[in-house]
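A.B. asks: Protein chains in written order, with our numbering: chain G, 1313 to 1612; chain E, 5 to 412; chain A, 102 to 367.
Just so you know, the hints here were simulated from the structure itself, not pulled from any lab data.
Glycine residues also receive a C-beta, built at the ideal position from the N, C-alpha and C atoms.
It is possible that some hints are incorrect.
What the hints assert, rightly or not - Listed next, with one range per pair, are the computed distances between beta-carbon atoms:
#1 E/Trp-219 with G/Arg-1499: 50 to 56 Å
#2 G/Ile-1389 with A/Asn-257: 55 to 61 Å
#3 A/Glu-241 with E/Ile-173: 41 to 47 Å
To be verified - With a straight-line Cα cutoff of 25 Å, these simulated SDA-like cross-link-like pairs (lysine to any residue) come out:
#4 E/Lys-73 with A/Tyr-360
#5 A/Lys-261 with E/Arg-68
#6 E/Lys-73 with E/Leu-383
#7 E/Lys-74 with A/Arg-217
#8 G/Lys-1400 with E/Gln-70
#9 A/Lys-261 with G/Leu-1412
#10 A/Lys-249 with A/Ile-308
#11 G/Lys-1400 with E/Ile-121
#12 A/Lys-261 with E/Leu-244
#13 E/Lys-74 with A/Gly-266
#14 A/Lys-106 with A/Lys-261
#15 E/Lys-74 with G/Arg-1489
#16 G/Lys-1400 with E/Val-57
#17 G/Lys-1400 with E/Phe-22
Chain by chain, the residues:
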Amino acid sequence: MEYFLELFFGGLTRGSIYALIALGYTMVYGIIQLINFAHGEIYMIGAFVALIVAGVCTIYGLSGVSILILAGIIAVIYASAYGYTLEKIAYRPLRGAPRLSPLISAIGMSIFLQNYVLLAQTSDFLPFPRLIPDFAFMEPVAHIIGSPELVILVTTFITMILLTLLIKKTRVGKAMRATQQDMNMARLVGINVDRIISLTFVIGSALAAIGGVLVASYIGQVNFYIGFLAGVKAFTAAVLGGIGSIPGAVLGGLVLGWAESFAAGYISSAYEDVFTFGLLVVILILRPAGILGKASKQKV
Amino acid sequence: MTDMLQNFKKSILVSIWFVFLTFPLMVVRVNTMNQVVVWRWTNLVWVAIASFVLSYLWRYMLARQQVRKKVADEGGETRSKTQLLLEDMSFRYKAMGIILLAALVFPLVFDTYQSTIMISALIYVVLGLGLNITVGLAGLLDLGYVAFFGVGAYSYALLNHHFDLGFWISLPIGGFLGCLFGVLLGFPILRLRGDYLAIVTLGFGMIFKVVMENWDSLSFGPSGIANIDKPGFFGMDLNLANSTIYIYYIMIGMVIFTILVTMRLRNSRIGRAWIAMREDEIACVAMGIDIARTKLSAYALGAFWAGMVGVLFASKTTFINPASFTFMESAIILSIVVLGGMGSILGVIIGAFFLILLPEYMRAFSEYRMLAFGAAMVLMMIFRPQGIISNLRQTYEYKGSKEKINND
Amino acid sequence: MTENKHKLLEVKGLTMDFGGLRAVDSVTLEVYEGDIAALIGPNGAGKTTFFNCITGIYNPTKGDILLHPKGLKTRRLNGLKPNKVTEMGLARTFQNIRLFPDMTVLENVMIGRHCRTDSGIFRAIVRGRGVREEEQQIIESSYQLLEKVGLASFANEFSKNLPYGAQRRLEIARAMATEPFLLLLDEPAAGMNPQETTDLEQLICKISAEGEMAILLIEHDMKLVMNISNSIYVMEYGKKIAEGAPQEIKDNPKVVEAYLGEETDA
Chain G
1313 MEYFLELFFG GLTRGSIYAL IALGYTMVYG IIQLINFAHG EIYMIGAFVA LIVAGVCTIY
1373 GLSGVSILIL AGIIAVIYAS AYGYTLEKIA YRPLRGAPRL SPLISAIGMS IFLQNYVLLA
1433 QTSDFLPFPR LIPDFAFMEP VAHIIGSPEL VILVTTFITM ILLTLLIKKT RVGKAMRATQ
1493 QDMNMARLVG INVDRIISLT FVIGSALAAI GGVLVASYIG QVNFYIGFLA GVKAFTAAVL
1553 GGIGSIPGAV LGGLVLGWAE SFAAGYISSA YEDVFTFGLL VVILILRPAG ILGKASKQKV
Chain E
5 MTDMLQNFKK SILVSIWFVF LTFPLMVVRV NTMNQVVVWR WTNLVWVAIA SFVLSYLWRY
65 MLARQQVRKK VADEGGETRS KTQLLLEDMS FRYKAMGIIL LAALVFPLVF DTYQSTIMIS
125 ALIYVVLGLG LNITVGLAGL LDLGYVAFFG VGAYSYALLN HHFDLGFWIS LPIGGFLGCL
185 FGVLLGFPIL RLRGDYLAIV TLGFGMIFKV VMENWDSLSF GPSGIANIDK PGFFGMDLNL
245 ANSTIYIYYI MIGMVIFTIL VTMRLRNSRI GRAWIAMRED EIACVAMGID IARTKLSAYA
305 LGAFWAGMVG VLFASKTTFI NPASFTFMES AIILSIVVLG GMGSILGVII GAFFLILLPE
365 YMRAFSEYRM LAFGAAMVLM MIFRPQGIIS NLRQTYEYKG SKEKINND
Chain A
102 MTENKHKLLE VKGLTMDFGG LRAVDSVTLE VYEGDIAALI GPNGAGKTTF FNCITGIYNP
162 TKGDILLHPK GLKTRRLNGL KPNKVTEMGL ARTFQNIRLF PDMTVLENVM IGRHCRTDSG
222 IFRAIVRGRG VREEEQQIIE SSYQLLEKVG LASFANEFSK NLPYGAQRRL EIARAMATEP
282 FLLLLDEPAA GMNPQETTDL EQLICKISAE GEMAILLIEH DMKLVMNISN SIYVMEYGKK
342 IAEGAPQEIK DNPKVVEAYL GEETDA
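Pulled out of the complex, with its shape left as it was, chain G reads as follows (with noise of 0.2 Å):
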């Protein structure tokens, strides 16, 4: 039994991981039904970039959580800035085009930025300080589950109602929702489209980095390559629960860590990454909609 709440947890806490990141993936989608390569790339580049803030604060003096949300919140500025960046280079220019295009481009941003960080920096695995504490009352049920996927499962949790919040409640929300539907229609009645889709990105690359930020220090190690493998993985759960449906999104990312998790430790772990990529393939052939998604027919 124990066991079996270790891989519960365990698997929580990947999908929440997968959920963040998989957002990014299903809100672009949603919204220029565009499949964002490289966002897997942003979602590195935060890990990176938290890891220089947290390396440059130990080195000059500072330690403990401080560090943590100092790294935190420089990592979301950046990885921010360049979602923003990146569609305005890449996507923008291609909005008319037609759809093998823009997603050239981003398999093309994608190998960019891999490389980009691979040259600017190393391409070594990097040890990122642990910098989450171990918390005395968790210390009962430390065995099946640490203080640190507490710390990933609270952050995650408060990070999606801020999210739900802002996209139900909010002026911005509605506007992005509006412009999901319909972007014309969107752009007719004043809503400034090209900032929507920014703020997507924006938004989009914020919750990676919290991933990125959450994981590296949870894991113990950043490379230029992690975005890669994350994002596959993450791209997965945004298919499966429904790609361009952000509650799908969250579920698919929850249902794909449970399935990785309790795969691997049932069965076996070296067949991890075939499970996950099988399990793409499945649901791409039989229900491309996803679990949460709505078939679209297209009109003839």
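Fit chains E and A to the supplied structure of chain G, relying on the hints for placement.
C.D. replies: Only chains E and A this time, still in chain G's reference frame:
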């Protein structure tokens, strides 16, 4: 004057933005072992200057594009002189003749190392031409193409390892197996379109690599398979230098074979069906074309080349492991097709040479190869989405003469 | 007088439901050999959906679609894939023109010949004499069709560069290339000026007179419909509300009511 001032201000702002953006990654380097922070201020200067200059270039290119669009809308001539030259058939034949000649004497003039590089380039040419059928002609986005390449390579490696089968026997087997996998993979995804198709094929590609890495009893896992036989020369084994030359000529043969077959296919009934399917699937099916069959044949044909050249790859490197068959490879091959110009054979060849040979010959910049690669993909899509060689008009000369006869 | 004419297409009680929405409600329709039949009705009546049902894009919920090619076995078209339907002898054009933009005008028509020819991959690669002859034939017959619709001079142009009216004619030529028994035209005159419309009328009459194909067209241009059709069906809200010769339809009160508020310049 104010215009210039405006542009200047804009570029300054852009420059400042990029300095800010790249600051943590380009300027700061944290050395946790020695607990030092390295501040690379020169990088900051480089970024500032480069982004300032590039923003001017960017604006200029965009403006030029606008002008081009206007001219095109008004029906004017938008093709550049180089393009018109490339379209001229007699020029192309002469160019191809020269290239062929140069290709044939290459290994005799240059050393083994150069030949090996050339062989790599030629392998990518065949891969590009193969994917060109699936993506360029039929419009089926395949991001997992490298899996078929791997199927060919592994099939030869395993056949050679377990049954001692030679290169020449394995060559068609590799092609056939590639074909088979193409059909198997194509079958379940017939109904998918666009983005979904891309992601599923990506998934397939990743599954192949991960399975090869983990199914040790089949593929020997991450350590791969070694001591694969090189192609035998009438039963003899050649030394490294000669066998490289041998493989080089085999590749030339394969490339020529691929080009001929691809050209024949493109100008045939099935080729037109592929192109029609790419343009408008619904209209295509309404005109009586069996979409399922057409798609499967595109996958199968494309995969065939990958499988076949995979065999050669294995024999050239004599050692294969799953690390050679990553998504990055698929992305590179896809770029070759898209940047060369979808459906254009000459474009794919130029693209392959450019992408593979340029970094090889510019050793100083080889670190930046992938960086330039990614940037090139983005820039091409923005400024020249139709590729190096854009779509040529398929003229039917015989129709002209027939017309004369009919009018008499 | 339709008693002696051969019944080519017989649609009985065709019904098409999309979830809870009944787009086509028990429509019965017949097209005879040599007919120029028209399907008219206000926007949203279900005409294009009807076309989509009989051409295989949708699988009808209820009803029968029967094709009676002269001298051949009757064929039931329900549930067949669109390419099979075309093979059987039903070809169509689209409401929003669907050409192949990056292929030339001639090539667009050549595509229509696909289902009437059969060189496969292997033969294409070998390219023996049989294949070359077949290719030549495809080119010739396509070119002749272009001449018939008056587009021969554009043969080597990209179809996307053609003016609008010419594009519509190209679509017709392409559909004709499949050698259909019945040609379905979905709003062929949409967006055309009066001169182009007159030219289209002449073209359709010519096709009907020369070829052995019947024509069923969806149209909003009443003048054209009244001028050239010999049999009219009227749909409204998915149901058939009237059928008959043009004169009968013009005076039919139900038809007038359905179009109330719209201009009938018949």
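A.B. asks: Each hint needs a verdict: does it hold in this structure or not?
C.D. replies: Do the hints match the structure? See the list:
As the Cβ distance of E/Trp-219 to G/Arg-1499 is approximately 52 Å, the hint placing it in 50 to 56 Å holds. Range check, G/Ile-1389 to A/Asn-257: Cβ separation about 57 Å, and the 55 to 61 Å hint holds. The hint said 41 to 47 Å for the Cβ distance between A/Glu-241 and E/Ile-173, and at roughly 45 Å that hint holds. With a C-alpha separation of about 43 Å, the suggested pairing of E/Lys-73 with A/Tyr-360 is violated against the 25 Å cut-off.
A hinted pair counts as satisfied when its Cα atoms are at most 25 Å apart, and A/Lys-261 with E/Arg-68 qualifies at roughly 23 Å. In summary, the hint linking E/Lys-73 to E/Leu-383 is supported, as the alpha carbons are separated by about 17 Å, within the 25 Å threshold. With a CA separation close to 42 Å, the supplied pair E/Lys-74 and A/Arg-217 exceeds the 25 Å bound. Distance restraint check for G/Lys-1400 and E/Gln-70: the Cα-Cα separation of roughly 18 Å lies within the 25 Å cut-off, and the hinted pair is therefore satisfied.
For the given pair, A/Lys-261 sits about 19 Å from G/Leu-1412 by alpha-carbon distance, which is consistent with the 25 Å threshold. A C-alpha spacing of about 9 Å is found between A/Lys-249 and A/Ile-308, which places the hinted pair at or below 25 Å, so the restraint holds. Between G/Lys-1400 and E/Ile-121 the alpha-carbon distance is near 38 Å, which puts this suggested pair outside the 25 Å criterion. For a cut-off of 25 Å, the pair hint linking A/Lys-261 to E/Leu-244 is broken: about 54 Å separates their Cα positions.
Note on E/Lys-74 and A/Gly-266: the hinted pairing holds, with a Cα-Cα distance of about 23 Å set against a maximum of 25 Å. The suggested pairing of A/Lys-106 with A/Lys-261 is violated, with an alpha-carbon distance near 40 Å, which exceeds 25 Å. Of the supplied pair hints, the one linking E/Lys-74 and G/Arg-1489 is violated, its CA atoms being roughly 35 Å apart against a limit of 25 Å. As the CA atoms of G/Lys-1400 and E/Val-57 are separated by approximately 18 Å, the hinted pair is consistent with the 25 Å bound.
With a C-alpha separation of about 13 Å, the suggested pairing of G/Lys-1400 with E/Phe-22 holds against the 25 Å cut-off.
When the structure is compared with the earlier hints, violations turn up for hints 4, 7, 11, 12, 14 and 15 and for no others.
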